[in-house]
Amino acid sequence: SAVISQKPSRDICQRGTSLTIQCQVDSQVTMMFWYRQQPGQSLTLIATANQGSEATYESGFVIDKFPISRPNLTFSTLTVSNMSPEDSSIYLCSVMGGDAPYEQYFGPGTRLTVT
Amino acid sequence: EDKVVQSPLSLVVHEGDTVTLNCSYEVTNFRSLLWYKQEKKAPTFLFMLTSSGIEKKSGRLSSILDKKELFSILNITATQTGDSAVYLCATSNTGNQFYFGTGTSLTVIP
Chain A
17 SAVISQKPSR
27 DICQRGTSLT
37 IQCQVDSQVT
47 MMFWYRQQPG
57 QSLTLIATAN
67 QGSEATYESG
77 FVIDKFPISR
87 PNLTFSTLTV
97 SNMSPEDSSI
107 YLCSVMGGDA
117 PYEQYFGPGT
127 RLTVT
Chain B
33 EDKVVQSPLS
43 LVVHEGDTVT
53 LNCSYEVTNF
63 RSLLWYKQEK
73 KAPTFLFMLT
83 SSGIEKKSGR
93 LSSILDKKEL
103 FSILNITATQ
113 TGDSAVYLCA
123 TSNTGNQFYF
133 GTGTSLTVIP
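From first to last, the protein sequence lines stand for chains A and B. With this note's numbering, the residue at position 78 of the first sequence is 94, and numbering never jumps. With this note's numbering, the residue at position 19 of the second sequence is 51, and numbering never jumps.
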């Protein structure tokens with residue numbers, strides 16, 4: 017399976033600011049996803065990060081709020097913009113492809129608290 | 033509408049017990065069913081199942097899929113306190129869309 021790292025692992029941010037989360041994979045993967053998991057909830061897909069083109073967002077998520085980049089097959093960033101306390105959540109990067117094309121693996125996650 | 037339903041929502045057992053977690057699904061163009069263990073932040077991959085009736089096994093954990101009845105079970109034998117976690121079930125379709133259940137929270141008491 018791919019080894020995935022995320023930075024930062026946690027952060028406490030003030031309302032109105034933005035945070036960029038980085039996701040790095042140790043091998044080239046076909047697909048990269050960004051999820052959010054709010055307290056006591058299951059995972060919610062934010063978007064699929066597409067290499068070299070705009071991300072594909074799920075209903076309820078927009079590019080202005082969650083801009084995503086994916087400059088190559090091993091790296092992606094998610095920015096949480098103009099944060100509010102409702103954005104407090106765990107943000108997870110996941111990947112699919114490579115040696116196990118249909119298995120999805122998750123990064124260690126970023127715990128974000130907005131005050 | 034595609035969905036994944038897990039039961040029970042939570043479970044408390046004593047060390048050494050055997051538990052069975054359930055996952056039922058309705059997914060168009062089904063490809064696979066996946067089980068994850070989530071302890072702190074990130075879900076850890078356990079199994080991916082694509083064929084009916086073939087058991088996947090890893091140590092004390094095993095899982096099987098029934099594509100006719102549209103469900104899967106995850107069995108954990110001789111439970112240990114380290115098995116305490118949320119177990120997530122997810123399905124994927126041929127369009128690479130994943131659907132996650134809300135999870136079963138397992139607590140193993142010494």
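Any given hint could turn out to be false.
[Claimed, not checked] Straight-line alpha carbon distances no greater than 35 Å define the calculated DSBU-like cross-link-like pairs of lysine-lysine that follow:
(1) 35/B <-> 73/B
(2) 23/A <-> 100/B
(3) 100/B <-> 35/B
(4) 69/B <-> 23/A
(5) 72/B <-> 99/B
(6) 100/B <-> 72/B
(7) 73/B <-> 89/B
(8) 72/B <-> 81/A
(9) 88/B <-> 69/B
(10) 99/B <-> 23/A
(11) 100/B <-> 89/B
(12) 99/B <-> 88/B
(13) 72/B <-> 35/B
(14) 89/B <-> 81/A
(15) 99/B <-> 69/B
(16) 35/B <-> 99/B
(17) 69/B <-> 81/A
(18) 72/B <-> 23/A
(19) 99/B <-> 73/B
(20) 89/B <-> 35/B
(21) 89/B <-> 72/B
(22) 35/B <-> 69/B
(23) 88/B <-> 72/B
(24) 23/A <-> 73/B
(25) 88/B <-> 73/B
(26) 81/A <-> 73/B
(27) 81/A <-> 23/A
(28) 100/B <-> 81/A
(29) 100/B <-> 88/B
(30) 35/B <-> 88/B
In short, the hints are calculated from the structure, not lab data.
Residue 73/B paired with residue 89/B [C-alpha distance capped at 35 Å]: Status holds; Cα separation ~24 Å.
Pair hint outcome, residue 89/B versus residue 72/B [Cα-Cα no greater than 35 Å]: holds, 24 Å
Straight-line alpha-carbon gap residue 69/B to residue 81/A, limit 35 Å: Roughly 30 Å between the alpha carbons, so the hint for residue 69/B and residue 81/A holds.
35 Å limit on alpha-carbon distance, applied to hinted pair residue 72/B and residue 81/A: holds, 26 Å
Restraint check for residue 81/A with residue 23/A, where alpha carbons must lie at most 35 Å apart: Roughly 19 Å separates the two Cα atoms, so the pair holds.
35 Å limit on alpha-carbon distance, applied to hinted pair residue 88/B and residue 73/B: Holds, because 25 Å separates the two Cα atoms, which is no more than 35 Å.
Pair hint residue 72/B and residue 99/B, alpha-carbon separation not exceeding 35 Å: Holds: residue 72/B and residue 99/B sit about 31 Å apart, inside 35 Å.
Proposed proximity, residue 88/B with residue 35/B (alpha carbon, max 35 Å): holds, 23 Å
Proposed proximity, residue 72/B with residue 100/B (alpha carbon, max 35 Å): Holds, at roughly 34 Å.
Given pair status - residue 88/B, residue 99/B, alpha carbons within 35 Å: Answer holds: residue 99/B to residue 88/B is near 15 Å, not above 35 Å.
Pairwise hint evaluation, residue 73/B against residue 81/A, where the allowed Cα distance is 35 Å at most: holds, 23 Å
Pairwise hint evaluation, residue 81/A against residue 89/B, where the allowed Cα distance is 35 Å at most: With Cα atoms ~42 Å apart, residue 89/B and residue 81/A exceed 35 Å; violated.
Consistency note: the structure conflicts with the earlier hints numbered 2, 10, 14, 28.
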